[in-house]
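Q: Kindly produce the complete structure, drawing on both the sequences and the hints.
Residue numbers (the numbering used here), protein chains in the order written: chain A, 1 to 414; chain B, 415 to 828; chain C, 829 to 972; chain D, 973 to 1116.
Possibly wrong hints are sitting among the right ones.
Said to hold, decoys possible - Here are a few chain C residues that face chain A, going by a calculated C-beta distance under 8 Å: (1) 943; (2) 945; (3) 948.
Unchecked claim - Straight line, CA to CA, 25 Å or less: simulated DMTMM-like cross-link-like pairs of lysine to aspartate or glutamate: (4) 883(C) to 858(C); (5) 264(A) to 791(B); (6) 470(B) to 992(D); (7) 587(B) to 143(A); (8) 322(A) to 994(D); (9) 470(B) to 399(A); (10) 666(B) to 143(A); (11) 878(C) to 791(B); (12) 824(B) to 841(C); (13) 1099(D) to 469(B); (14) 678(B) to 399(A); (15) 827(B) to 858(C); (16) 558(B) to 143(A); (17) 470(B) to 55(A); (18) 1099(D) to 820(B); (19) 744(B) to 850(C); (20) 413(A) to 1042(D); (21) 443(B) to 848(C); (22) 827(B) to 848(C); (23) 395(A) to 469(B); (24) 878(C) to 275(A); (25) 29(A) to 1042(D); (26) 458(B) to 48(A); (27) 29(A) to 469(B); (28) 145(A) to 679(B); (29) 413(A) to 980(D); (30) 862(C) to 820(B); (31) 678(B) to 143(A); (32) 29(A) to 985(D); (33) 871(C) to 574(B); (34) 270(A) to 574(B).
I should point out that these hints are in silico values taken from the structure, not numbers from a laboratory.
The structure displayed is predicted, hence computed values, not measured ones.
We treat Cβ as the ideally placed atom computed from N, Cα and C, and that holds for glycine.
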Amino acid sequence: MSTLTAHTPLDILKIRTQFPVLNQQVNGKPLVYLDNAATNQKPKRVIDALTSYYEKDNANIHRGIHTLAERATKAYEQTRHAMQEFIHAKHVEEIIFTRGVTESVNLVASSYGRAFLNEGDEIIVSGMEHHSNIVPWQIICNEKKATLKVIPVTEIGELDIEVYRKLISDKTKIVAINHASNSLGTINPIKEIIDIAHSHHVVVLIDGAQASAHIPIDVQELDCDFYCISSHKMYGPTGTGILYGKKELLEKMPPYMGGGEMIKEVTFAKTTYNDIPYKFEAGTPNIADVIALNEAISFINELGKENIAAHEAELLAYTVKKLSAIPHVKLIGTAKNKVGVQSFVVEGIHHFDIGQMLDARGIAVRTGHHCTQPLMDQYGIEGTVRASFSVYNTKDEVDQLAEGIERIVKFLKQ
Amino acid sequence: MSTLTAHTPLDILKIRTQFPVLNQQVNGKPLVYLDNAATNQKPKRVIDALTSYYEKDNANIHRGIHTLAERATKAYEQTRHAMQEFIHAKHVEEIIFTRGVTESVNLVASSYGRAFLNEGDEIIVSGMEHHSNIVPWQIICNEKKATLKVIPVTEIGELDIEVYRKLISDKTKIVAINHASNSLGTINPIKEIIDIAHSHHVVVLIDGAQASAHIPIDVQELDCDFYCISSHKMYGPTGTGILYGKKELLEKMPPYMGGGEMIKEVTFAKTTYNDIPYKFEAGTPNIADVIALNEAISFINELGKENIAAHEAELLAYTVKKLSAIPHVKLIGTAKNKVGVQSFVVEGIHHFDIGQMLDARGIAVRTGHHCTQPLMDQYGIEGTVRASFSVYNTKDEVDQLAEGIERIVKFLKQ
Amino acid sequence: MTISQTQDEIINEFSLLDGDMEMTVFYIMELGQKLSDMKEAYKTEDNIVKGCQSKVWMVANLKNGNLYFEADSNTAITKGLVSLLVRIFNGQSPEDILNADLYFMSKIGMERFIGTQRSNGFASMIKQMKLYALAYKTKKEMTS
Amino acid sequence: MTISQTQDEIINEFSLLDGDMEMTVFYIMELGQKLSDMKEAYKTEDNIVKGCQSKVWMVANLKNGNLYFEADSNTAITKGLVSLLVRIFNGQSPEDILNADLYFMSKIGMERFIGTQRSNGFASMIKQMKLYALAYKTKKEMTS
Ligand SMILES: Cc1ncc(COP(=O)(O)O)c(C=O)c1O
Ligand SMILES: Cc1ncc(COP(=O)(O)O)c(C=O)c1O
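A: This is the structure:
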């Protein structure tokens, strides 16, 4: 229930038992998985849903009238309904299944962009966007002779909203911003960003890759025009995700891909397209993974996003405390409002060495630019080490992370 | 070994035990699954590969240096190698993972088409193409003011190659043809089609959706420029597939989607793209399903495509014999060279009624236009009933199909 | 017979089929065969029920304040399904049709044998019949 | 010492680590720390080994018919890895380097601790060293 403001403590050790992958040794040590912003792990019920689908119901959907096709179609459409509820969309047909955030952004950039952008128009992104929310806009800007404008990021890792207010103008056609940053963890004030954009009649796309498993989402309350989610970052299978789009917008957008499912009638003389959402779901979709995604949604709903967020916030605070105490460690991204992501660098030690050293102790973190090179450029660094949390992580794991870093710092700094 | 010409009989009943889904009752009768051209069933090893991945190795690939990321990356790239061998591609980087045939065709139509098509150019498809190999070309033709030409289909369901020879000209830029037709089963003479196209320096895309599980594929021998495959039609998971493209072509094509993975360097001033295949794999790919696809390839390799094809040919011949004996049944698609697909109509009885009636007896067939409306228009029908085979089907199942049809014909025709 | 009485009759008939799917489908087709064919002249674009996968045509007439439907389909099963609705609603008043609760659908387990795609079509048929009822009710009220 | 002798020495040293990954990584970094730093002036674009994820610079000199390498990297582990190669090849003839079979890699289970991405980088370093050897060999043959 996303309206809860208080939260109930979760039984993390019990939750961990639902994640078979966590029960293993890596390099002789128990796995400590802190690479959740890249992709998080899947509870048994999600894996079981895949097995069950393939062992009982596998069939191509929508066009079949036999029993298996019926079952598969029903289960597939049930996930659409569950996702509608999950993000509080007004209409179920506003949920389009894609491969994930990258495809969702490309769909909008290509379909909406190609139809409605003109020479001289402007698109606004931010300096902390993931490449997936930069490059599609660069490509369409290039094609349409439009210009990409960038909201700068402050030293602690927040968007400079005052500059944003100045950037936006009559020329602006689209604003594309992440809900939370994958490198810094910053939760952006998207409601404010959307309101400002709408006061200029500008359409807003939100990249929710780092939000969907952590922050309650209400697209109607936010009033955002597009919202993008990847299943694999919210306890669901790889290979699927959604694009939410307001019905009025989706209806006036041209199709993205052509093929089966997305048509009403095909003749060589004239082809008419199907209604949304099918207009944007050409070809056989990723049926099994969409169906299993429903279990990931239930998993999150049953725990309660507020409870998950509260646990992750606790881990984050503890991480900040522990890492700050280690000499030569510099935290990157210290915004006030954050999801459970902490980047850092260690003076004079390359992030690869830290990553590999930690891996030798069974600790999985991500190292590098995290697909946010412009942001790294701004900080004048090549990359960071990033620890990021999901609900199954523990303080004990943070202790192990800190201990590992301490050891490598001691070794290389003496 | 795809060089075998003789074949070894397969132990079909033993093979069936590898497919859990077949072991069930539908409407009180044992399931008879004859909808394989839509999607076929998955052997246990494919399902187990998914489970194993999620229970042991799940991680985001390519950018991670920790152990799980290493394992996932390696397994993902192993499928690329297996697929290279499977279709005898010269270079491993010629294998691009997509969602399936539909995305593969769209990728080429959009990337190659947008870069190399000009006003007045022509694209040739055939009258028996799937919508997925028609609509993407219609869209790009519309955008580029190019024209779509159509190779006609003869009454028995073969391409009229003489007309094709006349259609092709200096204006032709792309020929896009299926290896085998999903509605008719016809195996097209693609080697000849490619040779004719190449003598005019025209690029050829082959839609291999209905070939990959049935016909040995050697892209070097065929010398085709692009080849498209869907995993879910070859015993693999839904949500993945490949585009094969000749290296020289892929290298000169602009990217399709923008995002993570497909870049070398991103700045707001200038972004440079990664090498193939990564240039065309933007965002987190469908890691688990790509990895499990490797098991589907092994499954086919171990049985031997010739052996599979021989079994399916036997089933087809038997089906033709049995259905021909039923009054009012008219076979659609009687080409000499076919995969195991048989469409038919029953005079005066709607295909929906037949489909539903058969489902009541546990028999799954497909009914409708099979995403080939132009072909149906040519035959002057709205749709057909289609039975299509995979290696696990039996003559006994064909008997049940025939018996079911006999019953409904008797009922409705008396 | 009231709408409820016809529904109960139908529920009773289907219960004899004992959930056997093949017999059920045959029975539905038989019901369809019993429904008198519609004049070809009525099978126009205008009379098509929107939202059905198969083609369904339907017209309605008011006689003595009650509605009478004629319907047809290009598929035997759909014709059988629409025949159930015709049987239930024929001779009923627009008001009763508008207020009807079609509980027979869940009682005979319709969803199990018609599937999602036909379910939507079936819902469209009901909607169309209720629309006719609404139209005639409004007309009656305006002319009275 | 011959190339094989140095390799055997390395195999022996690594066997003492008993497969403990953390100790192995520390040991590799230690080897890197012992490799003398390269002059900053040499760390040019030209001297970068292509194909490594971390930056690796390498130069080679011929003395008395034998090759001597200097190398450096911006990461400690890669520096340790390249130091192994420098140790093996330093003072060897271009011919021996060209013909060398680097069996130590599989013997110490290198793949396990460097992973695919560093594996490719490591292969690039070896390729670069063999290219230097080839160049000097060709040069020697042309001037002799
Ligand atoms: C001949 C043919 N081409 C293309 C497709 C489209 O494949 P997919 O839906 O997997 O993208 C299909 C399958 O539906 C097919 O049979
Ligand atoms: C903020 C953000 N945006 C976009 C993406 C791209 O998501 P995907 O790779 O699932 O398409 C990611 C994840 O890598 C992300 O963290």
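Q: All the hints need checking, so say for each whether the structure fits it.
A: Hints, verified against the model:
Here the hint on residue 943(C) is kept, as its CB sits about 4 Å from the closest CB of chain A, short of 8 Å. The criterion of a C-beta within 8 Å of any C-beta in chain A is met by residue 945(C), whose closest approach is roughly 6 Å, and the hint holds. Taking 8 Å as the C-beta cut-off, the interface hint given for residue 948(C) is violated, the closest approach to chain A being about 11 Å. Note on residue 883(C) and residue 858(C): the hinted pairing holds, with a Cα-Cα distance of about 18 Å set against a maximum of 25 Å.
Note on residue 264(A) and residue 791(B): the hinted pairing holds, with a Cα-Cα distance of about 14 Å set against a maximum of 25 Å. For the suggested pair residue 470(B) and residue 992(D), the alpha carbons sit about 21 Å apart, so the restraint of at most 25 Å is met. Restraint check: the Cα-Cα separation between residue 587(B) and residue 143(A) comes to about 22 Å, which is no more than 25 Å; the hinted pair holds. This hinted pair checks out: residue 322(A) and residue 994(D) have alpha carbons roughly 22 Å apart, not beyond 25 Å.
Proposed proximity of residue 470(B) and residue 399(A) is supported: the alpha carbons are some 24 Å apart, at most 25 Å. Distance check on the hinted pair: residue 666(B) and residue 143(A) sit about 17 Å apart at the alpha-carbon level, within 25 Å; holds. Of the pairs offered as hints, the one joining residue 878(C) and residue 791(B) holds, with about 22 Å between alpha carbons and a cut-off of 25 Å not exceeded. Between residue 824(B) and residue 841(C) the CA atoms are separated by roughly 23 Å; this keeps the pair inside 25 Å, and the hint holds.
A C-alpha spacing of about 38 Å is found between residue 1099(D) and residue 469(B), which places the hinted pair above 25 Å, so the restraint is violated. For the hint pairing residue 678(B) with residue 399(A), the CA-to-CA distance comes to about 35 Å; that exceeds 25 Å, so the pair is violated. A hinted pair counts as satisfied when its Cα atoms are at most 25 Å apart, and residue 827(B) with residue 858(C) qualifies at roughly 12 Å. Between residue 558(B) and residue 143(A) the alpha-carbon distance is near 14 Å, which keeps this suggested pair within the 25 Å criterion.
Taking the CA atoms of residue 470(B) and residue 55(A), the gap is near 21 Å; set against the 25 Å cutoff, the hint holds. Of the supplied pair hints, the one linking residue 1099(D) and residue 820(B) is violated, its CA atoms being roughly 71 Å apart against a limit of 25 Å. For the hint pairing residue 744(B) with residue 850(C), the CA-to-CA distance comes to about 24 Å; that is within 25 Å, so the pair holds. Pair hint residue 413(A) plus residue 1042(D) holds up; C-alpha atoms about 23 Å apart against a cutoff of 25 Å.
For the hint pairing residue 443(B) with residue 848(C), the CA-to-CA distance comes to about 10 Å; that is within 25 Å, so the pair holds. Restraint check for residue 827(B) and residue 848(C): the C-alpha separation of about 22 Å stays at or below 25 Å, so the hint holds. About 23 Å separates the Cα atoms of residue 395(A) and residue 469(B), which keeps this hinted pair within 25 Å; it holds. Taken as a hint, the residue 878(C) and residue 275(A) pair is honoured in the structure, with Cα atoms around 14 Å apart against an allowance of 25 Å.
With a CA separation close to 36 Å, the supplied pair residue 29(A) and residue 1042(D) exceeds the 25 Å bound. About 14 Å separates the Cα atoms of residue 458(B) and residue 48(A), which keeps this hinted pair within 25 Å; it holds. Using a Cα cut-off of 25 Å, the hinted pair residue 29(A) and residue 469(B) holds, with the two alpha carbons roughly 17 Å apart. Annotation: proposed proximity of residue 145(A) to residue 679(B) holds, straight-line Cα distance about 21 Å (limit 25 Å).
Simply put, residue 413(A) and residue 980(D) have alpha-carbon atoms about 31 Å apart, too far for the 25 Å limit, and the pair is violated. As the CA atoms of residue 862(C) and residue 820(B) are separated by approximately 22 Å, the hinted pair is consistent with the 25 Å bound. Straight-line distance between C-alpha atoms of residue 678(B) and residue 143(A) comes to about 20 Å, which keeps the hinted pair within the 25 Å bound. The hinted pair formed by residue 29(A) and residue 985(D) meets the criterion: a straight-line CA distance of about 23 Å does not exceed 25 Å.
A threshold of 25 Å between alpha carbons decides the hint, and for residue 871(C) with residue 574(B) the separation of about 38 Å lies outside it, so the pair is violated. Note on residue 270(A) and residue 574(B): the hinted pairing holds, with a Cα-Cα distance of about 23 Å set against a maximum of 25 Å.
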